[in-house]
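Chain residues, written in single-letter form:
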Amino acid sequence: MKIVVCIKQVPSRDSVLRVNTAGTWIQDSDLTYEINEPDAYALEEGLQLKEKHGGEVVALCAGPAGAAQTIREALAKGADRALHIEEANLAAYDPLSLARLIAAALATEKPDLVLTGLQSDDLGYGQTGVILAQLLGLPHATIIMQVEKQDGGIRVKRELEDGWFQHVEMPVPALLTIQSGINKLRYATLMGIKKAKTKEVKRLTAAELGVAPAAAIRFERVYLPEKSKHTQILEGLPKEAAVKLVEKLKFEARVL
Amino acid sequence: MSILAILEQRAGAWHRMSWETLAAAQQLGADLGQPVRAAVAGDEVSTPAAELSAKQLERVYAVEHALLANYTPDGYTAALEQLIAAAQPQVVLFPHTYQVRDFAPKLATALGRVLVSDVVAHRVDGGAPVLVRQLFQGKMNVDVRFAGGPPFFASVQAGAYRADKVVAGSATVERFVPELTAAAIRTKPLELFRESQRAVDLTAAEIIVSVGRGIKEAENIPIVQKLADVLGAELAASRPICDNGWLPMERQVGSSGQTVSPKLYLAVGISGAIQHLVGMKGSKTIVAINKDAEAPIFEVADYGIVGDLFQVVPALVEEIQKAKG
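So the sequence lines, in the order shown, correspond to chains A and B. So the first sequence is numbered by our numbering: it starts at -14 and just counts up by one. So the second sequence is numbered by our numbering: it starts at 3 and just counts up by one.
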């Protein structure tokens, strides 16, 4: 099975975020980055499917030059090679034009399976995979918790709301968006890190792929959300705050 | 031009977010000065369509076809593409359900449009809709405008609009039968199922202590278990804790777990991603303990302690023990 896994680099989870001076995005000059968590699960699923059924895992990442670090980590974990769509200004692309960029990069790859995380932790559209499936003309399923190979295709377990699931069968090639928790993530081994240095990373640009940025939706203003509730912050050392909280719960909220 | 709300039902049972989306559509319609239409799809939807006909709507579309009996992204996309071509709406609204997430981006792409997903609020400025959505798991908001032409697509987040604000009225029902072929539906959906009978019913708990990523590792779970014990509370968790296997999946609160509304909900080391908030924001009293003062959990909390949970929780255990004598 030839599997392409789309991964994205996002600001580290514990980043302190500030709005930039133009109010159009965050101040991103001093941030550290990591792989988008659902994409890490998608990569792991790709690696496990390869281990079971043979084939190849190709990591694909659209992002600035700095995304090379996330790509190297994917290679160190076991991806065979990578495609890096090097684009400094991803913000100029709406979800549709970004998916067009990825679709163009996959034109010559002809994978059996394309995997993505179900959504990104930064923009959170939850759309790139589904749009990509439509552009590539592939059947798809989203929020997947299990992938099994069967005659003529795959059988997947789709997560629904309130603890419900559904199995869905489909032919390959197909695209799946993967839910966090589908598997147990591996760490890169020392050997893996060493081998990653020799693996192929093919760099592509938007110009080479013939895709121009487009923005059918436009960010007018980015800002910190206003609080919907008035939160009483209980100050002081841990013990003082704990004393205050017990007092509040007992006499104000009357829940103790 | 009109607003078209595409709502969700399964086997005649409404998805609860359908009414919230209908309320959003009516409010947007009023703000834009446009009539609102609603659509519901399935193999036979006369009952839900009749229910919609008692709301303030210009028209109700009963989108019916045998191939829509079970949801498939191919079937729904093809059917709704035809409906949109016939209805010519300016704005198409969906509830941001798991099913909508599965097909709405495909539908928008088929029409060369971009869906604004997971909208929490709207306003109208210069005669055009401006939609508010969240970034960075709720840490930031962004106002979004459509730059291209209509139809504009958007999905509405759970709890963003109130279902009880839907305005009653009367509307005619129009049956819309799309042209669909079985061969064009590539996925085969099987029966819905649940993993097992839930051993833990968090919805019955009066007090819940819920733990998130801030706990750092499985070995630290006893710290919050102790807090739950002294409070006589059930221990619950946000999704990442269950993903890692530190607590069983049946203790998960949030959109993919249980929805709870206890008297007291203590969120410990939980940042408050929307997937978690939708599962607990109905709690009577919410306490948040988190080291990040900017964490979205503080937006829904009544009481907050900004600090290190490894110091705050043991102190709290001690004070509760004292208070309970």
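Don't take each hint at face value.
Stated by the list, open to error - Ranges between beta-carbon positions, derived for each pair:
no., chain 1, residue 1, chain 2, residue 2, range
1, B, 113, A, 74, 25 to 31 Å
2, A, 198, B, 84, 19 to 25 Å
3, A, 95, B, 184, 23 to 29 Å
4, B, 231, A, 221, 21 to 27 Å
5, B, 46, A, 177, 32 to 38 Å
6, B, 3, A, -2, 38 to 44 Å
7, B, 3, A, -3, 32 to 38 Å
8, B, 205, A, 197, 48 to 54 Å
9, A, 203, B, 164, 26 to 32 Å
10, A, 224, B, 205, 32 to 38 Å
11, A, 93, B, 113, 49 to 55 Å
None of these hints come from the bench; they were simulated from the model. Just so you know, even glycine gets a beta-carbon here, dropped at the ideal spot from N, CA and C.
For this structure, which hints from the list above don't hold up?
-> Hints 2, 5, 7, 11 are the ones this structure does not satisfy, whereas the remaining hints hold.
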